[in-house]
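Work out the full structure: start from the sequences and follow the hints.
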Amino acid sequence: MKHTLTVLVENKPGVLTRIAGLFARRGYNIESLAVGRTENPAFSRMTIVVEGDDRVIEQVTKQLYKLIEVIKLTDITNDEYVGREMILIKVNADPAIRGEIMQIVEIFRARIVDIGRNSLIIEATGDEGKIDAIESALRPFGIKEVVRTGKIAMARGAKSRNGRETL
Amino acid sequence: MTSVALDKAEKMLHELNTELQTEELTGAEILLKALEAEGVKVIFGYPGGSVLPIYDALYKNKNITHILTRHEQGAVHAADGYARSTGRPGVCVATSGPGATNLVTGIANAYMDSIPLVAITGQVSLAALGRDSFQEADITGITTPITKYNYLVKDVRDLARVVHEAFHLATTGRPGPVLIDIPKDVTTMKTAFSYPPKLDLPGYRLKNVVNATQVGKAAQAMLEAKKPVIFVGGGVVTSGAAGEVRALVNKLGFPVTYSLMGKGVFPDDHQLCLGMAGMHGTVSANYALWEADLIVGLGVRFDDRVTGDLNTFAKNATVIHIDIDPAELSKNVYAHVPIAGDVKQVLKELLKVLKAKDTKPDISPWIEKIAGWKKEFPLRYEKSDKVIKPQYVIEQIYEVTKGDAYICTEVGQHQMWTAQYYPLTEPRRFISSGGLGTMGFGLPAAMGVQIAHPDKVVFNIAGDGSIQMNSQEFATIAQNKLPLIVAILNNHYLGMVRQWQELFFGERYSHTDMSGQPDFVKLADAYGLVGLRITRPEDVRPALEEAIASPKAYVLDFQVDCEENVFPMVPAGAPINNILGR
Chain A
119 MKHTLTVLVE NKPGVLTRIA GLFARRGYNI ESLAVGRTEN PAFSRMTIVV
169 EGDDRVIEQV TKQLYKLIEV IKLTDITNDE YVGREMILIK VNADPAIRGE
219 IMQIVEIFRA RIVDIGRNSL IIEATGDEGK IDAIESALRP FGIKEVVRTG
269 KIAMARGAKS RNGRETL
Chain B
307 MTSVALDKAE KMLHELNTEL QTEELTGAEI LLKALEAEGV KVIFGYPGGS
357 VLPIYDALYK NKNITHILTR HEQGAVHAAD GYARSTGRPG VCVATSGPGA
407 TNLVTGIANA YMDSIPLVAI TGQVSLAALG RDSFQEADIT GITTPITKYN
457 YLVKDVRDLA RVVHEAFHLA TTGRPGPVLI DIPKDVTTMK TAFSYPPKLD
507 LPGYRLKNVV NATQVGKAAQ AMLEAKKPVI FVGGGVVTSG AAGEVRALVN
557 KLGFPVTYSL MGKGVFPDDH QLCLGMAGMH GTVSANYALW EADLIVGLGV
607 RFDDRVTGDL NTFAKNATVI HIDIDPAELS KNVYAHVPIA GDVKQVLKEL
657 LKVLKAKDTK PDISPWIEKI AGWKKEFPLR YEKSDKVIKP QYVIEQIYEV
707 TKGDAYICTE VGQHQMWTAQ YYPLTEPRRF ISSGGLGTMG FGLPAAMGVQ
757 IAHPDKVVFN IAGDGSIQMN SQEFATIAQN KLPLIVAILN NHYLGMVRQW
807 QELFFGERYS HTDMSGQPDF VKLADAYGLV GLRITRPEDV RPALEEAIAS
857 PKAYVLDFQV DCEENVFPMV PAGAPINNIL GR
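So the sequence lines, in the order shown, correspond to chains A and B. Note that the first sequence covers residues 119 to 285 in the numbering used here. Note that the second sequence covers residues 307 to 888 in the numbering used here.
There may be inaccurate statements among the hints.
[As the list claims (entries may be wrong)] Derived DSBU-like pairs (lysine-lysine); straight-line CA-CA distance at most 30 Å:
(1) Lys650(B) with Lys190(A)
(2) Lys180(A) with Lys654(B)
(3) Lys654(B) with Lys184(A)
(4) Lys637(B) with Lys180(A)
(5) Lys184(A) with Lys460(B)
(6) Lys666(B) with Lys621(B)
(7) Lys190(A) with Lys504(B)
The hints are simulated quantities; they were obtained by calculation from the structure and are not laboratory data.
Structural data, given as structure tokens:
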């Protein structure tokens, strides 16, 4: 089963290496990892999607907690949360078929962010299902390139996941 | 005094302090001052280009003794041996590049056995970093998976804090090695020094609260047990909980077995002691673990050398697992009652709960059964008056030292025979590479032990293979006039590997014949140590007595039975009731 972990870490060089290295070394399967600084520049938050049964996830959690820079870790898989990914798709688009592509873009509430002579770049955000769907809807036109971010996620409601009162 | 006057006085004091603090020191001086402040008396190291400023500061320093080893690996193992025998952190120093990479095995060794160690490495100057400069190696990158934490100090103003944090991390919680990599110019830059600086470790929290519910559950399971076994490991040594383990046994009458790292925690001569468990453990220990309905794991990690086949290990047992590292709980063996915490602290709580209850479990049939196993399957070997049996040498070392010695080992058959045939009554006396199994560990580790305990008898029991892995350290022993005794059980083979080849590879002795080994007596002589070759059983004891009586270092080359095997033996990955050579 896929688990979504949100991990608050110190914003220091080498932290990403330590976390990636831990996953590689212990044989855990990382599905995606997204990282960026938080409201406090001294800290970063990572959203890690990891595949594994409960025992594996328990070990992942404990091993992550052992890292000195990891401050707070929450498995939000079973909580209410907003999860988003972003995709950039460069798709073949002769002027004759642009209208059709634009309709698809409209349906998915995506955006066209670049127009070339025979191609378009489309930007879309959403959960994994939506991103997969727009990608497959555009595939018949001929996708030239895809860039996807990992998932970022935030628990719904007022509670913060900072693990301390003031950050 | 009026408040105005008070304010004035405070201001003056502040200015005075500021003035004191503005006395600027170089990074190298700060490093040494910080080491002194951490209570460091001895460091082990090897100089080189990037650490020249540190060595220059050492030249003027009166408070720290530096032991020059002959290889950086010797320095890190010596620091490790120092730490294992004292419980205080060991410190080693090496230069950048090859100096730093030569520490890697020793750091991994300390990491596997949770030994507090601070390794200081020089690094190329800040401007040269990342340019593949001469003697540049990314040692923080290389050691990330084998250190508890590591630092690359890019600003001299961080140095004092980093050293303080390094010692804090190395010695608290589950101990381990911490590496500090310092670019050369950081050791020459100057800044104000004040100590101790504030720790900045927001993600490092030590658990001080024992979960009372879990302790209650553990006590209940213990009182209900019919076939219990206590299994102790290195965590009990670290925690200093040997006394609590004995109190627990006094209260409940449970039998005790130990991992290699737990040797000495529980006295080998106690009637409830089953000896070591696992691959070369006693039959009674392995049978007891196999049949147990309750296993109380204390400061152990249920290593594969103990559990054998995980699918069949402890299938009928409730497992209580107490360890300071929550990640160890249910990592290898599922813990029905996991308790994260310092073993000593948890056992104290547990003893309180048990004392409040009047009942004591009746386990006499189980104790009888175990006594039967002990009687039927004692450790044994075929004695001889013609050829020296390696086990006999260990027994004689015990007889001659009366158990009052520090016994270091290398890795291999001699290590297992030492674990089997040298009984101990206290922890920190058996110094051996457990998790990593590092040949070449024993000799430099013994140097560290001897330096920490100058008046004690220190042995390094070695094989003829292992001793050649760090024999350059004979020079360090000579230079520092360390009176340690090296007992080589010389069978002219890589004995343990040869044993596996005999048992599992059709006696195809591929590259385990050590022909071409040096004459160890002459080698000792070349370094100015005393070498003796012993070829007859009756000469074993006099040689040992001579070595112990002498203030000189001895290298004793015991020519032992070449094809003696270590038994009992559970083949790797087999269920632990599958025992060869009972």
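Hint check: Lys654(B) vs Lys184(A), CA-CA at most 30 Å. Holds or violated?
It holds: about 25 Å lies between the C-alpha atoms, which stays within 30 Å.
Are Lys190(A) and Lys504(B) close enough, with their CA atoms no more than 30 Å apart? holds, 21 Å
*Hey, Lys180(A) versus Lys654(B), does the alpha-carbon distance stay inside 30 Å?*
holds, 25 Å
Notebook entry, point to check: Does the structure keep Lys666(B) and Lys621(B) at a Cα separation of 30 Å or less?
Noted result: At roughly 25 Å apart (the allowed maximum being 30 Å), Lys621(B) and Lys666(B) satisfy the hint.
Review point. Under the criterion that the straight-line Cα-Cα distance not exceed 30 Å, is the pair Lys650(B), Lys190(A) satisfied?
Key: The given pair, whose Cα atoms are some 27 Å apart, holds under the 30 Å limit.
Check: Is the straight-line distance between the alpha-carbon of Lys637(B) and that of Lys180(A) 30 Å or less?
Finding: Holds. Lys637(B) to Lys180(A) sits at ~10 Å (cutoff 30 Å).
(Q) Check the hint pairing Lys184(A) with Lys460(B) against an upper bound of 30 Å on the C-alpha distance. (A) Holds, because 24 Å separates the two Cα atoms, which is no more than 30 Å.
Going through the hint list in order, the structure satisfies each hint without exception.
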